[in-house]
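With these hints in hand, go ahead and build the complete structure from the sequences.
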Amino acid sequence: MVIKMARKQQFNSHQTKKGCSIQINGQRRNILLALNAVLLAILVGVVLKKEVTSPLSSSTLEKIIGSEGGREGMEEKDPNTTDADLRLAHDSVINLDHGDPTMFEPFWKVMGARATVVIHGWEKMSYFSDPTNLCWFLEPEFANQVLRLHQIVNNAATDGRHIIVGVGSTQLVHAALYALASTEAHHPVSVVSAAPYYSMYSGIADFFKSGLFHWAGDATTFKGDDNFIELVCSPNNPDGATRDAVLGTHAGKRIHDMAYYWPQYSPMRGPADHDVMLFTVSKATGHAGTRIGWAVVKNKEVAQKMVKFIEMNSIGVSKDSQIRAARILKVISDGYEFPDPESTVRFFHFGRHLLANRWQRLRQAVEASGWFSLPQFSPEFCEFFKEHAETYPGFAWVRCEEGQDCEAFFKTMKVLSRSGKHFGAGSNYVRISMLDRDTNFDTFIKRISSKD
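Here the sequence shown is numbered in the numbering used here, starting from 100 and rising by one per residue.
Since the hints were derived computationally from the structure, they do not count as laboratory data.
Just so it is clear, the structure is predicted and the values come from calculations on it, not from any experiment.
C-beta atoms are modelled at their ideal positions from N, C-alpha and C, and glycine is treated no differently.
Be aware that one or more of the hints could be misleading.
With beta-carbon atoms standing in for the labels, derived distance ranges [what the hints assert, rightly or not]:
#	residue 1	residue 2	range
1	F484	N243	20 to 30 Å
2	E500	S548	14 to 24 Å
3	K397	T511	44 to 54 Å
4	A350	K407	19 to 29 Å
5	D324	D433	42 to 52 Å
6	I414	V217	23 to 33 Å
7	N398	Q463	44 to 54 Å
8	H349	T201	37 to 47 Å
9	E436	D324	43 to 53 Å
10	E500	M299	24 to 34 Å
11	V217	F307	36 to 46 Å
12	P478	S548	23 to 33 Å
13	K510	I414	38 to 48 Å
List time: in silico DSS-like cross-link candidates among lysine-lysine, alpha-carbon distance up to 27 Å [what the hints assert, rightly or not]:
#	residue 1	residue 2
14	K550	K520
15	K308	K404
16	K510	K550
17	K397	K407
18	K322	K520
19	K520	K510
20	K520	K308
21	K429	K397
22	K407	K223
23	K407	K308
24	K404	K223
25	K550	K513
26	K322	K308
27	K513	K545
The following block contains the structure:
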């Protein structure tokens, strides 16, 4: 419309003022075109802003999680899905061996542009994020959002602590072991954890064949000296139990792996307060592919050594990943710090609702089958939700009959699990992920429910 008006004005000007030069007409045309472009940009900006900031209604939440808490999720409503696709899914092998947290995808699909980050080609090119910070490769915005989320959830003491960013919590475990291992000891420090322990701990401790530390197994049966490091995972992977150090606090050193201490998995009992605490975006938000974790460290010297390890191991941590993780954490915090009365979609509520439904269905199927059993958890008061809440771990720790190979048993149903022997337990146990997509979880429930 603006362009047509500009052309009409130029035509009239040419007819009534023949003495005007072509140069002046050209200048007027350029000015009007520029005004037209500005007007269009403003209109587009208004539309995009409305699309990005418009609240989510409760009906939208129902579409995300389905009428039964996730069984009718977005991916199941794909109009392109054929009967052949459904038959293939029914007959395919379901891999629940790993904890790939794709269960959270529907939430982030609805968040859309809220969680989208654009990084220009000229941005974040330097190695350094903040040369004045002890952790010089830590992006300030990521650090701010980490502290903000911990304050909202109140799950970790952060005042006076150092924040160290790493490539997931795996690199941070390595960094913490390096920082805590005594260089004055005459033999490698023993690394232990109470069984059932996270299956990666043994590999992490022994992978480098370091002269500083080595894997020494189950902390409950450890008979060594006071020169040890105990890995404490709480809530525990694989069984979801709340853990304390079993070797006490008067000797040795401890690393607390808090990957699952978030409201969707466990009641919040107040801020954890330990010397070294590890967290990861993969389990907090579901963004495993971003490969970002962080440590909350009390002692400055330990923090410096951890930074040194990461510096030598990877020369810092991806800025792009940190910027994306910062935006993700911001979206979660905004949902609670600035709640919209017309929107009912908030991340921890969404995740807890989905997991509660999945655990209910799994317990019903297990009880009906009689083939195996699950851990039981007592409700506890949750400081975050301000009510008594159940525990809904990210993994199911399944026990089969004594002497039975539980992993092989699930393979007969085309379900891949991880044997208890990798966790310091017997082969009659398996760990099964509760965090996969709806279609895989639904197929898993159907298979164990129809097992003869």
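Structure-based check of each hint:
A hinted range of 20 to 30 Å holds for the C-beta pair F484 and N243, which are about 25 Å apart. Here the CB-CB span from E500 to S548 is close to 19 Å, well matched to the stated 14 to 24 Å. Between K397 and T511 the beta carbon distance is about 49 Å. The supplied range of 44 to 54 Å therefore holds. A350 and K407 have their C-beta atoms about 26 Å apart, which keeps the hinted 19 to 29 Å range intact.
Checked against the hint of 42 to 52 Å, the C-beta distance between D324 and D433 comes to roughly 50 Å, which is consistent with it. For the pair I414 and V217, the beta carbons lie near 25 Å from each other, so the given range of 23 to 33 Å is met. At roughly 47 Å, the beta carbons of N398 and Q463 sit within the given window of 44 to 54 Å. In this structure the hint that H349 and T201 lie 37 to 47 Å apart at CB holds, the actual value being about 43 Å.
For E436 paired with D324, a C-beta distance near 48 Å keeps the hint of 43 to 53 Å intact. E500 and M299 have their C-beta atoms about 28 Å apart, which keeps the hinted 24 to 34 Å range intact. Between V217 and F307 the CB atoms are about 38 Å apart, so this pair conforms to the stated range of 36 to 46 Å. Range check, P478 to S548: Cβ separation about 26 Å, and the 23 to 33 Å hint holds.
Between K510 and I414 the Cβ separation comes to about 42 Å, which falls inside the hinted range of 38 to 48 Å. A hinted pair counts as satisfied when its Cα atoms are at most 27 Å apart, and K550 with K520 qualifies at roughly 24 Å. Simply put, K308 and K404 have alpha-carbon atoms about 19 Å apart, close enough for the 27 Å limit, and the pair holds. Taking the CA atoms of K510 and K550, the gap is near 12 Å; set against the 27 Å cutoff, the hint holds.
Restraint check for K397 and K407: satisfied, since their Cα atoms lie roughly 16 Å apart, inside the 27 Å limit. Under the criterion of a C-alpha separation no larger than 27 Å, the hint pairing K322 with K520 is consistent with the structure, at around 21 Å. For the hint linking K520 to K510, the alpha-carbon distance of about 16 Å falls within 27 Å, and the restraint holds. Pair hint K520 plus K308 holds up; C-alpha atoms about 22 Å apart against a cutoff of 27 Å.
For the hint pairing K429 with K397, the CA-to-CA distance comes to about 25 Å; that is within 27 Å, so the pair holds. Annotation: proposed proximity of K407 to K223 holds, straight-line Cα distance about 21 Å (limit 27 Å). Using a Cα cut-off of 27 Å, the hinted pair K407 and K308 holds, with the two alpha carbons roughly 19 Å apart. For the proposed pair K404 and K223, the alpha carbon gap of about 25 Å is at most 27 Å, so the pair holds.
Taking the CA atoms of K550 and K513, the gap is near 11 Å; set against the 27 Å cutoff, the hint holds. Distance restraint check for K322 and K308: the Cα-Cα separation of roughly 22 Å lies within the 27 Å cut-off, and the hinted pair is therefore satisfied. Restraint check for K513 and K545: the C-alpha separation of about 12 Å stays at or below 27 Å, so the hint holds.
Violation of the numbered hints given earlier is absent; every hint is satisfied by the structure.
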